[in-house]
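Colleague: Residue numbers (our numbering), protein chains in the order written: chain C, 1 to 349; chain S, 1 to 314.
No lab work stands behind these hints, which were simulated from the structure alone.
Being a predicted model, the structure only gives us computed values, none of them experimental.
Backbone N, C-alpha and C fix where the C-beta goes; we use that ideal spot for every residue, glycine too.
Okay, the calculated bits of chain C under chain S, using three or more residues with CB under 8 Å as the criterion: (1) 146-152; (2) 160-170; (3) 280-294; (4) 322-336.
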Amino acid sequence: MRFERREHRPLALVIATPLIAVVAALAIAGLLIAIAGAPVLEAYWRILKGAYGSRLSTTETLTRATPLILTGLAAAVAFRARLWNIGGEGQLYLGAITVAWASSHFIGNWPSALQIPMLLVLGALAGMVLLLVPLWLRLRFSVDEVVTTLLLNFVAVLFVSMLIDTVLKDPTAFGWPQSQSVADAAMLPKLLARSRLNFGLVIAIGLALILAFVQSRTVFGMQSRAAGLNPSGALFAGVPLGRTLVAVACLSGGLAGLAGAVEVMGVKGYVTTDLSPGYGYSGIVVAMLANLNPFGVVLAAIFTATMFVGADGMSRALGIPSYIADVIVALSLLTMLIAVFFTQYRIRR
Amino acid sequence: MSAIFDIIASAGLWAAVMRIATPLILGTLGALLSERSGVLNLGIEGIMTFGAMIGWLTVYHGGDLWTGFLAAAFAGALFGFLHAVLTVTLGLSQHVAGLGVTLFASSFSYYVFRLVVPVAGTPPTIKPFQPISISGISDLPFIGPAFFTQTSPTYLAIFLAFVLTYLIFRTPLGLAIRMTGENPHAAEAQGINPIVMRYGAVMAGSALMAMAGAFLTLSAFNSFFPTMVQGRGWICIALVVFASWRPERALLGALLFAFFDGFQLRLQTVLGGAVPYQLFLMIPYLLSIAALALMARRARVPQALMQPYRRGER
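Sequences and hints are given; from them, build the entire structure.
Modeller: Below is the structure:
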């Protein structure tokens with residue numbers, strides 16, 4: 001069996017790729033559900049119902065999608081320039097703790113109109129700083145950033161754990177390690193009453209739109225893509241490689257930091273070490289499912305959130321472990337990789 | 001100061017170092033073997049998790065401890081096969097494919113574990129490997145309790161480091177693996193099949209990774225719980241660079257690393273509440289990053305690492 005490169009990629013195939021990948025992932029996961037002795041179709045029906053069956057669950061799914069859009073964008077922006085930022089999880093936590101710290105200690109008495117933008121900027125800055133370290137190590141010592149960003153995730157979570165155990169500990173939390181809460185004025189406005197859905201979703205979708213424009217219509221977008229496709233070629237064509245990568249890192253780390261800030265200011269109000277159920281890692285899947293396209297990121301994030309929210313209800317009803325959601329999400333990354341391959345190559349006998 | 005000396009002079013520290021080093025030795029050897037053939041396997045973290053789970057599960061269901069180890073190695077090889085299909089046959093990005101394997105293998109482990117052991121609360125336990133005492137040597141003062149009261153997988157790991165050194169540098173097979181990692185086109189011209197070499201190295205390497213995970217549940221602890229691998233896989237990837245892709249240095253690197261880890265664990269108890277424990281827990285990860293920065297430029301990277309090989313394509 002050999003593969004040959006396709007002369008051109010049919011547009012219909014490219015658009016259908018994520019759908020094929022998701023269906024394939026659901027089919028394989030269905031096998032696992034069947035082996036566990038549960039009716040497969042009913043399980044998927046219950047996932048859908050769990051995610052969209054009521055007003056509450058629908059808003060909950062969109063609330064869950066919000067940080068995933070941001071971490072998905074963070075990964076997509078970086079991967080496009082072949083900057084392998086796998087540190088979204090750590091950047092998210094650093095953004096979150098920065099917001100909690102700034103609001104509870106320094107600017108909590110500012111009015112909302114000033115405090116919220118300031119906190120969002122600070123959260124993004126924290127994420128940026130955490131990604132600039134691995135980038136510096138790559139540019140200065142040629143250290144692979146995949147491993148360093150992964151390792152920094154553990155450092156960041158431990159750092160947050162230390163802060164909420166000591167200087168930022170909430171004394172009223174009955175001894176639980178939990179950060180002091182942000183001021184009420186720091187909380188993002190709700191989009192719907194009696195739900196957790198908040199303005200963060202608007203920020204996330206707005207940023208996706210802006211990024212889509214930046215990537216397709218600006219010099220920076222072109223340069224970052226060139227830096228990813230062919231670094232030496234880009235350098236030869238006059239792209240300032242180092243500077244472009246720094247800008248990409250700021251954007252990517254900033255988006256992941258913002259995810260943490262939005263999660264604290266929109267939903268939780270404080271930081272614990274289980275603030276994120278792996279949003280940073282799921283963001284990688286979201287970005288790949290979206291083929292690194294910002295609009296696609298929004299859809300892929302909603303798909304991923306659907307699985308996570310829906311699986312809880314399905315799990316209670318059918319006794320299938322809710323980890324099946326993680327399995328489906330991970331499988332769809334693998335099937336997407338394979339599906340994308342076959343849009344570029346065909347089998348020749 | 002004397003507290004630090006007391007720690008280093010205690011046999012308990014060195015026994016702990018050997019124990020902490022074992023999964024790192026096995027994991028680093030596995031990653032190293034794979035990378036020598038030109039394939040980076042970031043599936044390591046997930047494969048270790050699956051090895052820990054399946055090894056434990058085998059023993060929990062009545063298998064003996066070595067059967068558990070074998071089951072882990074076999075399952076690891078299967079995940080290695082998956083990674084090889086993605087990166088060798090299809091030639092996909094080794095970074096992304098590896099992360100995909102890690103996400104899949106770890107979530108699949110948790111799924112299977114929860115399916116078989118639904119009760120939450122305290123996780124069920126098994127009877128793990130017991131330290132073996134070698135008559136005569138284990139009774140020696142200091143050296144005995146420090147280095148010769150380990151469980152058998154620890155000795156196996158150290159032995160494997162020497163086996164791999166011999167295999168990679170002293171056998172025709174090792175030469176073929178190294179050639180594939182340096183220049184698969186030249187290897188093919190010599191009558192070596194780079195595809196077969198890479199499949200073999202990735203699968204054998206993944207088996208070692210899974211054994212590293214199995215050590216955690218079958219010897220270091222006696223139960224399985226999610227997130228128990230705690231980034232050890234990523235540390236192994238860093239150790240490969242630190243070891244400059246040489247098994248004997250991987251052994252040294254893992255021991256050095258385990259020394260710092262064991263040392264910080266004991267320092268925690270000495271310094272008590274004066275310093276937050278999280279600072280100590282950060283040390284292994286920060287050390288790995290420092291080791292990478294120190295060695296990345298100096299290390300001799302296999303030249304074809306992360307380059308897919310397709311026949312007839314340059």
